[in-house]
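Peer 1: Residue numbers (the working numbering), protein chains in the order written: chain A, 1 to 595; chain B, 1 to 595.
Where hints are given, some of them may not hold.
Copies of one chain are not kept apart here, so a pair can be met inside one copy or by any two copies together.
What the hints assert, rightly or not - In silico EDC-like cross-links for lysine to aspartate or glutamate, where the CA-CA straight-line distance does not exceed 20 Å:
no.: 1; residue 1: 223; residue 2: 492
no.: 2; residue 1: 223; residue 2: 337
no.: 3; residue 1: 327; residue 2: 429
no.: 4; residue 1: 550; residue 2: 484
no.: 5; residue 1: 223; residue 2: 174
no.: 6; residue 1: 327; residue 2: 593
no.: 7; residue 1: 572; residue 2: 584
no.: 8; residue 1: 327; residue 2: 592
no.: 9; residue 1: 223; residue 2: 340
no.: 10; residue 1: 327; residue 2: 556
no.: 11; residue 1: 572; residue 2: 529
Derived by calculation from the structure, the hints in this document are not laboratory data.
2 protein chains.
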Amino acid sequence: MSLLISRRDLDFQLYEWLDVESLTSRDRFGAHSRETFDGLLDLSEQLATEYFAPHNRAGDVSEPTFDGERVTLIPEVGEAIQAFAAADLLAAPLPEDQGGFGLPGTVYSACMMLFGAANAATAGYQMLTLGNARLLLAHASPEQVERFVPPMLAGRFTGTMALSEPHAGSNLADITTRAEPQPDGTYRIFGQKMWISGGDHEMTENIVHLVLAKIPGGPPGTKGISLFIVPKYLVSDDGSLGERNDVVLAGINHKMGFRGTVNTAPSFGSGAFSPGGEKGAVGYLVGEPHRGLAYMFHMMNEARISVGMGATALGYTGYLKSLEYAKDRLQGRGIGEPPESPQVPIISHADVRRMLLAQKAYVEGALALGLYAGRLVDELDSADGEDPDDLQLLLDVLTPIAKSWPSQWCLVANDLAIQVLGGAGYTRDFDLEQHYRDNRLNPIHEGSHGIQALDLLGRKILGTQGRGLMRLLAEMNTTAERAEAAGGEAAELGAQLRASATRLAEVTAAVGTLPDVTPMLANASAYLDAAGHLVIAWLWLEQYLAAVGKEGAFYDGKRQATRYFFRWELPKIQPALDVLASGDDTTLAMQEDWF
Amino acid sequence: MSLLISRRDLDFQLYEWLDVESLTSRDRFGAHSRETFDGLLDLSEQLATEYFAPHNRAGDVSEPTFDGERVTLIPEVGEAIQAFAAADLLAAPLPEDQGGFGLPGTVYSACMMLFGAANAATAGYQMLTLGNARLLLAHASPEQVERFVPPMLAGRFTGTMALSEPHAGSNLADITTRAEPQPDGTYRIFGQKMWISGGDHEMTENIVHLVLAKIPGGPPGTKGISLFIVPKYLVSDDGSLGERNDVVLAGINHKMGFRGTVNTAPSFGSGAFSPGGEKGAVGYLVGEPHRGLAYMFHMMNEARISVGMGATALGYTGYLKSLEYAKDRLQGRGIGEPPESPQVPIISHADVRRMLLAQKAYVEGALALGLYAGRLVDELDSADGEDPDDLQLLLDVLTPIAKSWPSQWCLVANDLAIQVLGGAGYTRDFDLEQHYRDNRLNPIHEGSHGIQALDLLGRKILGTQGRGLMRLLAEMNTTAERAEAAGGEAAELGAQLRASATRLAEVTAAVGTLPDVTPMLANASAYLDAAGHLVIAWLWLEQYLAAVGKEGAFYDGKRQATRYFFRWELPKIQPALDVLASGDDTTLAMQEDWF
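Could you build all of it, start to finish, from the sequences and the hints given here?
Peer 2: This is the structure in structure tokens:
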């Protein structure tokens, strides 16, 4: 059995629950069928196993090095990138009219998780490149697309997203990289970026940086930010590579985990090179001036869901590995058994089972959230611009949760996986400690946990006068109704979900209508945590309902994990909601000199 | 300001709260005074800063290596060990009639935390050596003590505790290392140990292993385990080193963190050496046969408290470092501020303040628990065997909590410290990621979290027919009474503590008297978590009361952290207690094939 992601669970979630086969009746996905879905999942599992998993540890131990000029990675990373592109997996999810194969994003996400589970750091290059290509396809000119996108899909170029600067991470309004317009319509870029993944390497012929910069004279803050294509090597009209552009590294960052994804501090226009004999890095404006952040945000929302899926992948494979260990490892006996009796596998011990069941509840719940969000994206993508059901509102409110909840709880899953193994889990003889270190990145990048909390409560809920939340709760109530109609245990779970959802609505309404929402926003993280647990409970009930009337160990496991989540996890939101309802100002009132 | 442990907080907890000065009126500690306490704290801070902190990162990067014969560590570790011993810090806490200086353990713990915060891995050698020496002082013969203890206190020898074996970690009943009695009264030891910290190195002249082994013919299980001294080099009657004993390493373990403490798999009697021309490692029985585990347990209880203190030290220094960063780092603005306004230090952002306040509440609360436990040990040690107040019962019930709660929540503190720094916190440019990796060991070693949970609920509470819990709750009620007498906010906090304590008592009584306690024991971890949070709330109320009537930022901080704990943290125990009260069997009922 593969220890990446359970294919049985993927089948259940994709086909038995989300019915992704029904998507094939839509034009956008018409070229596909259950057979092509399964074929791509098989192919992904095979490539992930052959090209990604084997160097997961090596990419960590032999992390990228920078000699002042060149970044060197172990060769297996480049080979994996090529194998991935050669299998057309970069083009797979794009529409056919964009050179793609029209695969639904839900299925694609499932494929990507197999790579993320096998080697999160190497899979990072694909995610970045695809995000870059998609942004260009959405907002760049046809000439720009023609020049840069096909080589990325073919694995000849990789892409980056160059947003942050040393003094501007969470707050992009303060970036100072500037773009000087040139008579020929191009720009020259000057500035220092930070935390740029994949910012330099020799694995592909070229690197396409998407750079946020300010055109002098524009409005202050985020409204003055524009987006530029800045290739490492200039690309001629015939597609051949030209001069080296003025993009060089000031250095690379050395991280706790995710080491195989080189993280860099690129300098633009530092004078190391002079393309065309002029100063500055050559950049090409994407779309209109001053709209860069809006373009980027579109991609960032997809990236945020991807981060959540990546966190889930690490949590999931860690769960499977600790499960396998717990079945094999003999240690101790049942309570009261004599010392002469044989030792038992540690899965027999209740506390080990608790740690495995909690992991199962977290990782399969997180998977459900990611796939559900992917399903919404597919519906929106195939709706030809129509959105009678306010699906965008629903997707918007779920996005910060889909990023944050798995980042937080699948890290907890990795923590539990280590604990199941005990001392062995703490050694580098097993993958778990690396998964734990790798996964710790996810609550930080693509908008930290606190940023997601402000996004959820400030923008997505208060900013829509509660419409986003109402849309979400309506969905939960529909599920609760179905559960109540099913009767028995399902009805009890449905009633519990409804009660918790109602409580969240009440708390939100009570404090959202206060004259001053400052304390509420100050406690936004607690809100995000509570809303996240509620959403996962809802999606567990969805899975429970998809298993109703079905017999067998797999479905029993789904039912038991649902029970675990409703009995052990969902009640945890009550204290958080009490804090929120009280308008608590404990953290706001804390003064700097009291620390 | 030192970023190890706040001396202001140590002063508050030691003098203003725990009144450790009053200990100096007891014979055992009569040589001491506030001046000597402060002097030792100053000395510890100085040595920790000069000899331990500077190589904290180097000890991680250049971890110990093993070439098949020798273990090599960076020389700074050995220098630190010598500096520590030269300052008589190993002898400091021992009674004067044992060659020590009669320092109260409470003060000594505070000193040790400064070393643990500076360099957890290097401080580990001292902790092990002292634990070894104390065990010998308690249970070995005068001749054994004379031969092995003074060289350890002088820094010439180090000590280990060799308990676990590859197939017997949490469950020592299954060890197979055997001790063959010899005509001269010595034993020959044969067997393979695992997870032995400090198991070999060249930093000191000799290493004293304390080895659990079974004498053939003894009773099965834990009742047949005896304890032996097995030195790396035999020691002659005149104290000079003799032959090499047959202890060699099968290998060393490579860990996620705590890398500077070499972790080994020593083989005893493998035939690599033949001391006296015979097979087997020479071992000397400590005390009586078959009582080894009882001797070891005495030390393990102290070691467990020490592990909790070590976890606290890592949490504490991480808190101070993230606090310093948050005061310096400019990023973003207040909500609604125009983009032209200057950036503010991130401590201004409510969510950052929340993360700092939570850290403060965890690490200062954990410190209070460790010092309180140390105070109990001091009272017992100086009571000349009398214990009219059942202090031993109280210490016993607190020990698993003192080990587990800091291990869990000071790791959360390190997680929050990383999050405060964001991407920077994820890099190896800052100490925090190492603290996080180092601290992850603590919920595993010296009895895992699950083992502590069974110890608390099974042995310390159910095993005493609830007397241990009653003793603890009586202490809490006394504090609540004092709080209620103080009136105002203190009275409210006291009432909240009393209500939570009563609820824990009710839940324990209800399920503890059931005919089958299996579900309760299966949920022991939830019980440990709830009891732990209640204990920390109690100790925060103790600190609050010690600050009553005192003005100034420091005391305001104590008050605010108490509020945080009572508003945000203590209520978290309710869902856990509900699960326990319901006799929930979700994890017990989960079947292996359902995973």
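Peer 1: Against the structure, test the hints numbered earlier, and report the numbers of the ones violated in rising order.
Peer 2: Of the numbered hints given earlier, the structure breaks just one, which is hint 1.
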